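**Student:** The listed protein sequences correspond, in order, to chains F and L.
According to this note's numbering, the first sequence is numbered sequentially starting from 1.
According to this note's numbering, the second sequence is numbered sequentially starting from 1001.
Hint data in this document are derived by calculation from the structure and do not stem from the laboratory.
As the structure is a computational prediction, the values presented were derived from the model and not from experiment.
All clues given are correct.
In silico DSS-like pairs for lysine-lysine, Cα to Cα no more than 30 angstroms straight-line: (1) Lys1068(L) x Lys1097(L); (2) Lys18(F) x Lys57(F); (3) Lys65(F) x Lys1097(L); (4) Lys71(F) x Lys17(F); (5) Lys1097(L) x Lys69(F); (6) Lys18(F) x Lys1097(L); (7) Lys57(F) x Lys17(F); (8) Lys71(F) x Lys1097(L); (9) Lys1081(L) x Lys1057(L); (10) Lys57(F) x Lys1097(L); (11) Lys71(F) x Lys18(F).
These stretches of chain F come out as covered by chain L in the derived footprint (C-beta under 8 angstroms, 3 or more residues): (12) 41-52; (13) 104-110.
From the three backbone atoms N, C-alpha and C, an ideal C-beta is built for every residue, glycine too.
Each chain, written out:
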Amino acid sequence: EAQVTQNPRYLITVTGKKLTVTCSQNMNHEYMSWYRQDPGLGLRQIYYSMNVEVTDKGDVPEGYKVSRKEKRNFPLILESPSPNQTSLYFCASSLSTREAPYEQYFGPGTRLTVT
Amino acid sequence: GQNIDQPTEMTATEGAIVQINCTYQTSGFNGLFWYQQHAGEAPTFLSYNVLDGLEEKGRFSSFLSRSKGYSYLLLKELQMKDSASYLCAVGAYNTDKLIFGTGTRLQVFP
Chain F
1 EAQVTQNPRY LITVTGKKLT VTCSQNMNHE YMSWYRQDPG LGLRQIYYSM NVEVTDKGDV
61 PEGYKVSRKE KRNFPLILES PSPNQTSLYF CASSLSTREA PYEQYFGPGT RLTVT
Chain L
1001 GQNIDQPTEM TATEGAIVQI NCTYQTSGFN GLFWYQQHAG EAPTFLSYNV LDGLEEKGRF
1061 SSFLSRSKGY SYLLLKELQM KDSASYLCAV GAYNTDKLIF GTGTRLQVFP
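Could you build the full structure based on these sequences and the hints that come with them?
**Tutor:** In structure tokens:
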């Protein structure tokens, strides 16, 4: 089954404790992206990757890191989480290229609470 | 830059028709997407328009006017399960980003 998986689905942590949210896709997509979703603000892009070893900042990259060592995986790293990073996070992948956007397939979401 | 506007909330009755509008401003427009998102779940793809006109897909249709920077999503024969948020998203040439609107929350009542 074609899918994007994220882990964990739910996480409660404390300020400053490093964490990683994993994302994996089995559709051989080159494009992957991380979004956060907050009430009233919609989906905002954190980081994206057009291909292996190619990553770029989205609209709200502060406080986050990513890596793309393999095509299928795109982990999101919070080195020192803060309460304002409490949010619902989605990973997505697609066939998108710079010339042509394609539909994005979203993972199930990770609900993160930082206390 | 890019800017997308959608109504925040709409209500409708089961069996009715509802139109959700989206206006956008972008340089180098390269397509508009509509996604459906049920509460607490991931967005799922509904439609894609890159040329002017109407795209029909079952009970859902999406319209685009590039000259007006305007799109709408038309939902016919509304069902209770259509209660969800509907997200408009715009792509642009020479950018790898897809910019999402804040979404329209649709409530369908019996």
